[in-house]
Amino acid sequence: MAAPYPRQRSNTWYLANWPYRLFMLRELSAVFLALYTVLLLLLVTKVHAGPAAFAGYVHTLQSPLLIAVHVVVMAFALLHSVTWFQAVPKGLPIRRGEEPVPPQLVIGANYVLLLAVTVIVVVIVRV
Amino acid sequence: MRRSSEPLFWSLFSAGGMLTALLMPALILVTGFLAPAEWVEYERLEALVTNPLGRLVIFAVAFLTFFHWAHRFRHVLVEMGLRRFGLPIAVVCYVAALAGSAWAGVVALG
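Line by line, the protein sequences are chains A and B.
Going by our numbering, the letters in the first sequence line up with residues 1 to 127, in that order.
Going by our numbering, the letters in the second sequence line up with residues 1 to 110, in that order.
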């Protein structure tokens with residue numbers, strides 16, 4: 001009996017070219033979203049603990065390290081949003097009557113929703 | 001063939017992916033940039049985290065983000081060549097997401 005066909009893929013295949021690297025960065029966005037969620041829950045804990053605890057945490061958030069962390073997290077979050085919106089019409093094809101709704105319209109609607117959600121959140125915390 | 005738990009975890013992955021795609025940039029903007037700029041008012045945040053709907057949203061965001069992470073990270077490790085350890089990786093990822101969600105529940109109830 002012939003030996004099983006050996007797998008040819010290397011363990012670093014995702015470093016080979018940009019489409020692969022982008023795929024891997026997209027998949028790893030979830031790691032940064034989860035790490036950010038830990039920071040978010042810490043903030044909620046501090047808000048529950050009172051104004052002094054919150055002020056202390058705001059001081060921590062002002063450190064250059066945490067600003068840099070949030071810049072990286074934001075970049076991955078936006079990569080996630082953009083790639084997720086691109087995938088929405090593929091995962092959930094919408095029809096209006098017999099006519100399929102064009103993918104660009106569905107993607108565009110997601111961006112409008114993202115903008116609306118962002119404005120609402122900012123209004124809730126300040127305005 | 002044994003029944004698969006894949007549809008359940010895929011649903012959580014999908015729901016988490018949609019929610020984070022729409023909400024995370026706003027949350028990061030507020031807590032990562034506007035809060036350190038001292039632009040966010042404590043009273044507003046306090047009202048938000050003690051409001052029943054606010055508590056539910058905080059828990060839902062954390063729960064779905066953690067399970068979105070678990071599913072995606074599990075599959076990415078397998079793609080990176082760890083197929084042999086597929087089962088323990090899945091268990092560790094989902095248990096971590098469950099532990100994170102339990103913590104989120106405690107935090108949200110405050």
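FYI, nobody ran anything at the bench for these hints, they're computed from the structure.
Treat the hints with care, as some may be off.
[As the list claims (entries may be wrong)] Each pair of labels, with its calculated beta carbon distance range: (1) B:VAL57 with A:PRO4: 46 to 54 Å; (2) B:GLU43 with A:THR12: 50 to 58 Å; (3) A:PRO6 with B:GLY110: 20 to 28 Å; (4) B:ASN51 with A:PRO4: 15 to 23 Å; (5) B:PHE33 with A:GLY56: 34 to 42 Å.
[As the list claims (entries may be wrong)] If you want the ones that stay clear, here's a sample from chain B, every Cβ over 10 Å from chain A, calculated: (6) PHE9; (7) ALA26; (8) ALA35; (9) GLU46; (10) ALA62; (11) PHE85; (12) LEU87; (13) ILE89.
The structure displayed is predicted, hence computed values, not measured ones.
We treat Cβ as the ideally placed atom computed from N, Cα and C, and that holds for glycine.
Against the earlier hints, flag every one the structure doesn't satisfy and list their numbers going up. Hints 3, 4, 5, 7, 8, 9 and 10 not satisfied by this model.
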